[in-house]
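Could you put the whole structure together from the sequences, leaning on the hints where they help?
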Amino acid sequence: MSDAKFPLLHPDYKSTVLRAPKRPLIPLAHTISEITGPVYGHEKVRPLDNDLTRQHKGEPLGERIIVGGRVLDENGRPVRNTMIEVWQANAAGRYYHKKDLHEAPIDPNFTGAGRCMTDDEGRYSFTSIKPGAYPWQNHSNAWRPAHIHFSLFGMAFATRLVTQMYFPGDPLLPMDPIFNCVPDERARSRLISSFDLETTQPEWALGYRFDIVLRGRDETPMET
Amino acid sequence: MKKMTFGVTPSQTIGPFFHYGMDWEGGANLVGENVVGERIGIEGRVFDGSGTAVTDALIEIWQANASGRYTHPEDSQQTPPDEDEFIGFGRTETDDEGYFRFDTIKPGRVPGPENTLQAPHISVSVFARGVLDRLATRLYFSDETEANAEDAVLSAIEDETVRASLLAKLTESDGKLVYRFNIHLQGEQETLFFEI
Ligand SMILES: [Fe+2]
Chain S
1 MSDAKFPLLH
11 PDYKSTVLRA
21 PKRPLIPLAH
31 TISEITGPVY
41 GHEKVRPLDN
51 DLTRQHKGEP
61 LGERIIVGGR
71 VLDENGRPVR
81 NTMIEVWQAN
91 AAGRYYHKKD
101 LHEAPIDPNF
111 TGAGRCMTDD
121 EGRYSFTSIK
131 PGAYPWQNHS
141 NAWRPAHIHF
151 SLFGMAFATR
161 LVTQMYFPGD
171 PLLPMDPIFN
181 CVPDERARSR
191 LISSFDLETT
201 QPEWALGYRF
211 DIVLRGRDET
221 PMET
Chain E
1 MKKMTFGVTP
11 SQTIGPFFHY
21 GMDWEGGANL
31 VGENVVGERI
41 GIEGRVFDGS
51 GTAVTDALIE
61 IWQANASGRY
71 THPEDSQQTP
81 PDEDEFIGFG
91 RTETDDEGYF
101 RFDTIKPGRV
111 PGPENTLQAP
121 HISVSVFARG
131 VLDRLATRLY
141 FSDETEANAE
151 DAVLSAIEDE
161 TVRASLLAKL
171 TESDGKLVYR
181 FNIHLQGEQE
191 TLFFEI
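The listed protein sequences derive, respectively, from chains S and E. Just so it is clear: in the first sequence, position 112 is 112 by my numbering, and no numbers are missing. Just so it is clear: in the second sequence, position 78 is 78 by my numbering, and no numbers are missing.
Honestly, the hints are just simulated from the structure, not real lab data. Incorrect hints may appear among the rest.
[Stated by the list, open to error] Looking from chain S toward chain E, a few residues come up when the C-beta cut is under 7 angstroms (computed): (1) Arg19; (2) Pro21; (3) Lys22; (4) Arg23; (5) Pro27; (6) Ser33; (7) Tyr40; (8) Glu43; (9) Leu72; (10) His97; (11) Ala158; (12) Gln164; (13) Arg190; (14) Val213; (15) Arg215.
Every residue, glycine too, gets a C-beta built ideally from N, C-alpha and C.
Shown next, in the form of structure tokens:
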């Protein structure tokens with residue numbers, strides 16, 4: 001079993017208690033239905049969709065960042081021309097969402113959603129501002145570490161991934177029940193981006209590197 | 001066993017605030033005017049282990065066209081050119097009562113193991129707050145009795161109640177074919193989910 005697989009029930013994260021299936025998942029040997037997936041229909045991604053700081057008239061408040069990296073499969077091959085969607089809270093830790101009731105200011109110049117396609121080397125890059133930590137109701141004095149939500153398709157139904165990217169050195173990480181749903185420390189550490197001076201642009205923005213590895217579409221539980 | 005040189009990035013919950021980040025043009029409607037195939041609706045509701053509606057789930061579907069071909073480079077079957085505009089991907093969220101709906105066509109049978117054909121089916125992904133990894137299931141059609149009986153995936157499920165959790169039930173509404181497919185994340189009627 002891959003070290004990135006883990007139980008769906010994690011009682012420290014309360015919402016899993018009634019939402020985690022109790023019966024074991026049934027292994028499904030891949031057929032054409034699992035090795036194919038949505039690779040078309042992404043033409044609507046526009047060049048500026050990957051710059052979350054330029055979607056409004058003014059500039060959003062916060063620490064400007066560039067998040068980039070590569071999307072690879074388990075064998076290290078680049079996943080080309082695949083769509084990445086991201087969404088995040090603003091610098092004050094507030095989502096542009098009607099159900100986010102956190103009493104932090106909305107930034108009129110920041111929505112916090114973006115998309116881009118990977119290039120021929122599997123590379124991608126977003127410009128944004130660093131999201132703030134925000135409180136949630138899971139337990140007393142619970143705060144989510146700063147994070148960016150990522151959604152990726154890969155080449156197949158089997159490779160679909162929705163995850164969250166964190167920032168290095170965040171003191172909230174050790175006590176975050178969602179981050180700690182992943183029991184394997186090495187696997188968990190792959191969710192943390194690294195500060196990257198090469199991506200950092202002088203006088204402009206801090207760079208963070210976040211490489212993403214998607215499951216191989218050929219991998220079946222029998223093989224491991 | 002193949003050598004895994006690169007560690008896989010683990011999944012994390014989609015959380016409650018994905019809606020504006022995952023906007024998909026035409027998300028719940030997969031069919032343009034010229035798409036060939038029998039128009040169907042898929043309607044369902046998502047429930048948690050206490051029977052409470054899940055009002056913040058995201059549902060995605062992936063399916064073949066009417067002649068059983070996927071719009072994907074890996075599928076080398078020939079298809080009539082007028083079917084080309086069907087992609088076969090849909091995405092929608094549950095509403096404040098846990099309901100979702102797709103407008104699509106009934107998929108054809110696609111190849112299965114050892115020269116068999118699979119019964120018509122749609123691959124379904126469920127994401128939600130409190131769901132740590134994408135839940136994958138399949139939607140089969142209740143009126144495809146013969147094809148369902150031959151299907152390798154369905155036949156391998158011994159418990160009849162569990163097998164029934166994958167069958168969307170045909171109903172008709174306003175002369176339109178609608179299949180009802182409820183998803184139970186947990187509980188007595190728990191939907192069968194696959195490890196993919
Ligand atoms: Fe979040």
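Now for the hints, and whether the structure bears them out:
no.: 1; hint: Arg19; result: 4 angstroms, holds
no.: 2; hint: Pro21; result: 5 angstroms, holds
no.: 3; hint: Lys22; result: 6 angstroms, holds
no.: 4; hint: Arg23; result: 6 angstroms, holds
no.: 5; hint: Pro27; result: 5 angstroms, holds
no.: 6; hint: Ser33; result: 5 angstroms, holds
no.: 7; hint: Tyr40; result: 5 angstroms, holds
no.: 8; hint: Glu43; result: 10 angstroms, violated
no.: 9; hint: Leu72; result: 6 angstroms, holds
no.: 10; hint: His97; result: 4 angstroms, holds
no.: 11; hint: Ala158; result: 5 angstroms, holds
no.: 12; hint: Gln164; result: 4 angstroms, holds
no.: 13; hint: Arg190; result: 5 angstroms, holds
no.: 14; hint: Val213; result: 5 angstroms, holds
no.: 15; hint: Arg215; result: 5 angstroms, holds
Hint 8 alone, counting from the list given before, is not met by this structure.
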